[in-house]
Each structure stands twice: as C-alpha cells, then as structure tokens.
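Please put together the full structure from these sequences, using the hints given.
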Amino acid sequence: MRAVFLDRDGVINHNRPDHVKDWSEFQFLPGALTALRLLTNAGFRIFVVTNQAAVGRGLMSIETLEQIHARLRDIASYHGAQIDDIRYCPHRPEEQCHCRKPQPGMLEDLAARHRINCREAYLVGDALSDIAAGQRMGCQTILVKTGRGASELQKPELRRYQPSFIAPDLLGAVRWMLAEEAVSAPFATLPLPGAFVLPQ
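With the UniProt record's numbering applied, the sequence shown covers 1 to 200.
Misleading hints may appear alongside valid ones.
What the hints assert, rightly or not - Here are the simulated DSS-like cross-link-like pairs (lysine-lysine), alpha carbons at most 30 Å apart as the crow flies:
no.	residue 1	residue 2
1	K21	K145
2	K145	K155
3	K155	K21
No lab work stands behind these hints, which were simulated from the structure alone.
Following this line, the structure appears as structure tokens:
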C-alpha cells in the first residue's frame with residue numbers, strides 16, 4: 001500500500017505568520033478534504049509531518065497541539081478520509097534537532113513504525129524544507145503553490161531541491177499522484193454535499 005507524507009500548514013490548512021495556536025485559527029484550504037478523501041479511496045496511507053515551533057517558543061502547549069490534531073483527524077474521518085498518523089517537531093530552528101524539516105527525523109520515525117518503503121512514497125509540502133526532507137528519504141516530492149509555495153518557487157535553491165512535480169494545491173497534487181499510480185477513483189472526484197460544513 002502506497003504512503004503519502006503531507007505537510008500541514010499551507011498544504012491542508014491556511015498558513016498563518018503567527019502560527020495556528022488553537023482550533024479556532026485552523027482553516028482548511030479549499031479542496032483539502034476532497035484531496036484527503038481521494039487518497040483514502042485510492043488506498044493510500046496518509047501521514048502528516050509538521051514543524052510546530054510555536055510549542056518550543058511557548059506560544060502553544062503540546063496538549064493544545066494534540067487537540068488540534070485530534071480534531072483534524074476526526075473531521076477528515078467525517079468526510080471519508082483516514083489520517084493514519086501524525087508527527088510534529090516542537091523545536092525551534094536554532095535547536096538544530098533531527099526532527100525539524102529539512103531533517104528527515106519525522107519521516108524516519110513513521111517509516112520504521114509503519115514499515116513504509118519511502119522510495120515508493122510521496123511527500124507534499126509548500127516549502128523547500130519539506131521537499132528536502134522527502135528527497136533525503138527517497139520520496140517523490142510535490143511542491144504546492146498554496147501557503148509559502150508561490151514564494152518558494154522564486155528562491156534560487158529551487159534548482160537544488162527540484163521537486164518531482166509542482167501543483168497548484170493539494171487536490172492538484174493528489175490528482176497527479178493518482179495519474180502516476182494509474183489509479184482511477186471517479187466516484188470520489190466531487191465534494192460530498194456540505195463537504196466544508198464542519199461537525200460541531
């Protein structure tokens with residue numbers, strides 16, 4: 001079964017310059033829930049890997065972050081998608097840990113725990129640091145233009161970390177992945193009625 005690693009902020013939900021610090025600040029990007037459902041229906045295992053320096057900076061507790069992720073998984077499930085696991089790095093960049101992307105620690109941990117062959121996996125992110133982490137593990141990588149993606153495309157480092165594909169958003173990335181895998185899921189191409197009405 002194929003696996004896909006997804007960055008969170010800027011890929012699944014809107015990126016905020018002041019961090020997503022509680023659920024009230026979490027907003028799904030258009031098409032994100034549909035994309036997650038497409039992946040699930042096509043048999044992909046979905047893993048989220050996210051840098052969350054707000055924890056290390058004291059702006060948010062680990063308990064709050066885990067509550068956000070629990071709600072994310074619940075709403076994804078409500079819309080027909082399954083997020084198999086989530087890893088986060090709580091450290092500040094200056095701590096130079098092995099888990100903060102572009103380091104591959106979160107991917108290594110998930111690959112070992114879930115027996116993922118990363119050379120048959122994909123990574124989707126909105127930053128070159130995401131792409132670098134995926135490439136270090138041998139994944140096919142997709143840079144989306146949402147979040148920081150459009151500005152990342154202007155960086156000279158793009159030549160060094162050339163992604164496998166550049167997509168307008170997560171839904172575009174998923175459609176490319178399904179084409180690469182020759183997976184047809186026509187029954188899941190349209191949003192469910194009320195797809196962006198969140199449960200209370």
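Please write out, lowest number first, the hints stated earlier that are contradicted by the structure. Every hint satisfied by this model.
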